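Enquirer: Letter by letter, the chains look like this.
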Amino acid sequence: MIRNDAPVRWGLGFQDPATPVMEGIVNLHHEIMYVMIGVLCMVIYILMRIIYNYDYRRNREVRKEKRGALIEAIWTLTPTVILIIIAVPSYALLYAMEEEVSPGVTVKIIGHQWYWSYEYSDYGEEGISYDSYMIGEEELEEGDLRMLEVDNRMVLPIKTHIRLLLTSTDVIHSWAVPSLGVKCDTVPGRLSQVGVYIKREGVYYGQCSELCGMNHAYMPIVVEGVKVEGYKEWIKSKI
Amino acid sequence: MAEEGENENMEIKLETAPHDPRFQTTNQAKHCWSRYIEYHACVKQKGEEDSECQKFKRWYKSLCPNEWLENWDEQRANGTFPGPV
Numbered sequence: 001m002i003r004n005d006a007p008v009r010w011g012l013g014f015q016d017p018a019t020p021v022m023e024g025i026v027n028l029h030h031e032i033m034y035v036m037i038g039v040l041c042m043v044i045y046i047l048m049r050i051i052y053n054y055d056y057r058r059n060r061e062v063r064k065e066k067r068g069a070l071i072e073a074i075w076t077l078t079p080t081v082i083l084i085i086i087a088v089p090s091y092a093l094l095y096a097m098e099e100e101v102s103p104g105v106t107v108k109i110i111g112h113q114w115y116w117s118y119e120y121s122d123y124g125e126e127g128i129s130y131d132s133y134m135i136g137e138e139e140l141e142e143g144d145l146r147m148l149e150v151d152n153r154m155v156l157p158i159k160t161h162i163r164l165l166l167t168s169t170d171v172i173h174s175w176a177v178p179s180l181g182v183k184c185d186t187v188p189g190r191l192s193q194v195g196v197y198i199k200r201e202g203v204y205y206g207q208c209s210e211l212c213g214m215n216h217a218y219m220p221i222v223v224e225g226v227k228v229e230g231y232k233e234w235i236k237s238k239i
Numbered sequence: 001m002a003e004e005g006e007n008e009n010m011e012i013k014l015e016t017a018p019h020d021p022r023f024q025t026t027n028q029a030k031h032c033w034s035r036y037i038e039y040h041a042c043v044k045q046k047g048e049e050d051s052e053c054q055k056f057k058r059w060y061k062s063l064c065p066n067e068w069l070e071n072w073d074e075q076r077a078n079g080t081f082p083g084p085v
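Protein chains in written order, with UniProt numbering: chain A, 1 to 239; chain B, 1 to 85.
It should be emphasised that the hints constitute simulated quantities derived from the structure, not laboratory data.
Some hints could be false.
Said to hold, decoys possible - Per the computed footprint, the stretches of chain B lying under chain A, defined by three or more beta-carbons under 8 Å from a beta-carbon of chain A, are:
(1) 10-20
(2) 53-63
(3) 76-83
It should be emphasised that the depicted structure is a prediction, and the values quoted were computed from it without experimental measurement.
We put the beta carbon where it would ideally sit given N, CA and C, even for glycine.
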C-alpha cells in the first residue's frame with residue numbers, strides 16, 4: 001500500500017496535496033527551486049572561473065582597478081530582478097490563502113496538553129464535541145501508522161468551504177496537516193481562523209508542530225475527508 | 001449522544017456563521033465575542049424567542065469555543081461579566 005497523505009520513510013518531497021492551497025505551495029516551491037538552481041549554476045560557474053583565471057601561477061599581472069560601475073550595476077540589478085521574479089508568485093499565493101469565503105461548516109479545534117479536541121457547534125442544541133487521543137503502540141492494528149493513529153478522527157466534508165477556528169487551553173500548540181496545507185499555531189485566548197477546501201476524499205495525517213511539553217510528539221492529527229452525504233450521516237450519528 | 005435511529009429523519013444543513021467584513025483578521029476572538037454580545041443585547045430588546053436573536057445564538061455557538069461560553073455564562077450569572085450586557 002502506498003500512502004500519499006501520511007509521512008513515509010525517507011520522504012523528502014511533499015505529501016500529495018488535497019487542497020488548492022497545498023497545490024499552490026507545491027507549485028511555488030517548484031518555481032522557486034527552478035530559480036534557485038539557475039542561481040546556483042551561475043554562482044558555481046563564476047566561482048570556478050575566478051579560481052581558475054586568478055591563479056597567481058597563471059596570472060601574475062596585478063590589477064589596479066578600484067571601481068567598476070558596470071559590474072556593480074550588474075551585481076545589484078540581477079539579484080533585484082531575481083527577487084522580484086520570486087516575490088510575484090509568492091505574494092499571489094499569500095493573498096490567495098487569505099481569501100475570505102463565507103464557509104458552509106465551522107469546526108473549532110482546541111489544543112490541550114496533550115491531545116486535540118474538536119467542536120462542531122453548527123448542529124443541534126448541544127452540537128458535537130469530542131477529544132482525539134493518539135492510539136498507543138500496543139493497541140495498533142495491522143496497517144495502522146505508529147504514532148499517527150488517533151481514537152476519534154476529525155471528519156470534514158470534501159468540496160465544501162470549511163472554517164477552522166483554532167485555540168488552546170494551556171500552552172501554544174500547532175495544528176498541522178501537510179496534505180491540507182495547514183499549519184496554524186493554537187494560542188490560548190486567541191481564535192485563529194484558517195479556511196480549508198478539500199478536493200478529494202482521503203485520510204490526512206498531521207502532528208502537533210509547536211513544542212508544547214513532555215508529550216508533544218504524542219498528539220497526532222487525523223482528518224478524514226468524506227463526501228457531503230457521508231459527513232451529514234456522520235453528524236446525524238454523533239448528534 | 002442520542003438513541004440510535006432518533007435522528008434518522010433530521011435534516012442536516014451545511015450552514016454556519018457567515019464571513020463578517022468587520023473581522024478581517026486571522027484572530028476571530030472579537031468576532032465570537034461580538035456575536036455573544038449581540039445575542040444578549042438582542043434578547044434584552046426583543047426577547048429570547050425572536051428569530052433574529054436565535055440567529056445570533058447559532059452564530060456565536062458556531063464561533064466560540066465551548067469553554068469560553070461556559071466562562072462567560074458563569075460570569076453573567078455571577079454579575080462579573082466584563083461586557084456591556
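Enquirer: Closer than 8 Å Cβ to Cβ for three or more residues is the test here. Does the segment 76-83 of chain B pass it with chain A?
Expert: violated (count 0)
Enquirer: Given that the segment 10-20 of chain B was listed as covered by chain A, double-check it with a C-beta distance under 8 Å for 3 or more residues.
Expert: Since three or more residues must qualify, the claim that chain A covers the segment 10-20 of chain B holds, with 8 doing so at under 8 Å.
Enquirer: Verify this for me: three or more residues of the segment 53-63 of chain B with a beta carbon less than 8 Å from a beta carbon of chain A.
Expert: holds (count 4)
Going through the hint list in order, the structure does not satisfy hint 3, though it satisfies all others.
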